[in-house]
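Those protein sequence lines, which keep their order, are chains A and B. The first sequence begins at 1 in the working numbering and counts up one residue at a time. The second sequence begins at 1 in the working numbering and counts up one residue at a time.
If you're looking for bench data, these hints aren't it; they were derived computationally from the structure. Warning: the hint list may mix true and false statements.
Stated by the list, open to error - Simulated pairs of lysine to any residue, SDA-like, Cα-Cα distance not exceeding 25 Å:
#1 Lys-224(A) <-> Ala-256(A)
#2 Lys-113(A) <-> Lys-113(B)
#3 Lys-33(B) <-> Ile-72(B)
#4 Lys-249(A) <-> Gly-114(B)
#5 Lys-113(A) <-> Pro-258(B)
#6 Lys-113(A) <-> Gly-119(B)
#7 Lys-294(A) <-> Gly-253(A)
#8 Lys-113(A) <-> Met-148(B)
#9 Lys-204(A) <-> Glu-238(A)
#10 Lys-132(B) <-> Glu-59(A)
2 protein chains.
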Amino acid sequence: MSASVLRGVVAPILTPFNDDLSIATDLFLAHGKRLLAEGCAGLAPFGTTGEALSVGIDERIEALDRLIDGGIDPALLVPGTGLTALADTARLTAACLERGCGGVLLLPPFYYKGVSDEGLYSYFAQLIAAVKPTRPALYLYHIPPVAMVGLSPSLVRRLFADFPEAIAGIKDSSGDWANTQALLEIEGLVVYPGSELFLLDGLKAGSAGCITASANINAAAIAKVVERFDAGDGAGAEAQQAEISRFRKLIQGPGAIPGQKRLLAMETGDARWANLRPPLLSFNQAEGQAFAEKLGRAA
Amino acid sequence: MSASVLRGVVAPILTPFNDDLSIATDLFLAHGKRLLAEGCAGLAPFGTTGEALSVGIDERIEALDRLIDGGIDPALLVPGTGLTALADTARLTAACLERGCGGVLLLPPFYYKGVSDEGLYSYFAQLIAAVKPTRPALYLYHIPPVAMVGLSPSLVRRLFADFPEAIAGIKDSSGDWANTQALLEIEGLVVYPGSELFLLDGLKAGSAGCITASANINAAAIAKVVERFDAGDGAGAEAQQAEISRFRKLIQGPGAIPGQKRLLAMETGDARWANLRPPLLSFNQAEGQAFAEKLGRAA
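Work the whole structure out from these sequences, hints included.
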């Protein structure tokens with residue numbers, strides 16, 4: 001594992017929007033700083049949780065610049081850059097790497113369904129030829145429940161073997177531990193499970209940590225599992241894992257994005273946090289209150 | 001039905017690529033002109049068949065300009081403009097309407113799955129507020145087998161009722177005649193089935209024609225169904241429908257795009273026609289020969 005790999009909890013940060021649905025860069029920066037202060041090893045802006053596919057290329061670049069200009073070390077950023085068209089993905093990926101981002105998260109092209117591994121291989125090979133990364137900074141992003149186009153372990157193995165100068169690892173949001181295990185068997189590949197449910201099992205099997213949506217509202221507790229594991233406190237890590245797993249199971253589901261946003265609106269006092277871009281919809285006050293009560297976070 | 005509606009067969013034209021995978025605008029223009037000469041009522045560039053989601057926004061605009069500058073009446077063009085981010089969709093849609101395109105085809109935002117009708121309504125309402133169309137030129141594009149996010153007849157009815165100044169109709173690529181029938185019951189809505197299998201049944205029930213991929217290689221025969229129907233030749237239309245349905249069934253399937261492209265390479269003598277962008281892959285010579293033989297079009 002190269003020294004530049006982020007070890008621990010990486011937060012796929014929510015993207016806050018002003019009332020006109022432009023990105024609220026002040027909240028974005030403050031939230032990013034808070035999560036790092038709470039123990040996150042890095043931030044993954046513009047993932048699925050960050051409503052990435054509702055945010056344009058140039059908007060993403062401008063918002064990243066606001067994070068970096070605001071004092072966040074770009075080496076701690078792993079933005080999502082995967083779009084459906086190769087030229088668009090290449091432009092966004094290159095912009096992130098030029099800014100010194102620690103990595104980027106790459107969805108497969110997700111419009112056409114039932115595509116072959118050979119076709120996906122060709123896409124990534126052409127992307128790497130276009131971007132010409134000078135360091136292993138590309139993280140593949142496997143999230144079949146949403147993208148509906150996945151990256152099989154055999155495809156990942158082939159890509160990693162053929163492009164070790166470009167590909168660093170993978171985020172596995174399959175929710176399938178057997179799949180994560182298959183990825184962890186690929187020597188040298190950096191693997192982040194996409195949920196803290198697999199955090200401790202992953203650490204034991206050699207993963208780098210996890211990239212998990214619920215870090216937006218539970219970062220410190222999740223980070224504590226890694227701290228205890230790294231300190232050799234096995235029993236403490238197990239106990240903490242049980243606690244964060246219990247919390248995670250309360251959050252999971254279709255309301256995870258609007259629920260966490262409404263909770264942040266309640267807890268920070270800034271109502272803009274409740275805004276989402278369509279096709280996703282905001283939780284109203286009552287839905288937010290019910291979500292907060294379920295989590296034991298009601299005022 | 002407004003006078004500007006294209007009646008008959010609209011071809012979702014294949015996008016030809018040079019060997020470096022840039023758009024081969026010379027072939028694109030020649031193909032568009034040939035399809036219009038063969039009897040197509042219009043062209044729908046950058047649909048699913050046109051590998052739209054593998055083509056960037058600016059590339060699409062430049063290629064459309066080449067069609068228009070090359071002599072194709074923009075009123076005959078209904079380009080696909082639906083992307084996942086509203087601002088991107090709005091920019092591309094506005095560019096097409098400014099150029100006088102007869103309409104645009106709008107996918108729903110297709111990354112997030114399981115979204116609500118209310119969320120999709122909000123997306124289109126905000127899109128219309130951003131673009132401010134001055135004529136009913138928006139065609140919704142329902143293709144659940146690929147987009148995995150669909151537009152229910154009740155949502156379509158609501159959008160058409162609330163935005164009659166903007167929305168003209170829908171392309172229904174569900175492959176489900178019951179769904180097309182439900183759409184045809186919405187008074188004033190222009191409906192194009194997404195396959196010529198439903199062409200004659202659609203015409204009888206008030207559809208405007210069809211928008212079908214196989215028009216790329218069978219335009220004249222498909223257009224003849226509409227001609228005969230409009231001329232009151234019921235028996236002739238039925239016979240022609242049987243013939244084009246037989247041909248269509250031979251084309252359908254995952255090989256439809258590479259197969260038709262390889263066939264055009266063979267029939268025009270221009271090998272560039274065989275190129276596809278990843279994640280889709282080209283047919284090789286043998287696959288193309290088998291495809292041509294299946295269709296009775298082998299040399």
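Now the hints, each set against the structure:
| no. | hint | in the structure |
| --- | --- | --- |
| 1 | Lys-224(A) <-> Ala-256(A) | holds (22 Å) |
| 2 | Lys-113(A) <-> Lys-113(B) | holds (14 Å) |
| 3 | Lys-33(B) <-> Ile-72(B) | holds (7 Å) |
| 4 | Lys-249(A) <-> Gly-114(B) | holds (20 Å) |
| 5 | Lys-113(A) <-> Pro-258(B) | holds (15 Å) |
| 6 | Lys-113(A) <-> Gly-119(B) | holds (23 Å) |
| 7 | Lys-294(A) <-> Gly-253(A) | holds (13 Å) |
| 8 | Lys-113(A) <-> Met-148(B) | holds (9 Å) |
| 9 | Lys-204(A) <-> Glu-238(A) | holds (11 Å) |
| 10 | Lys-132(B) <-> Glu-59(A) | holds (22 Å) |
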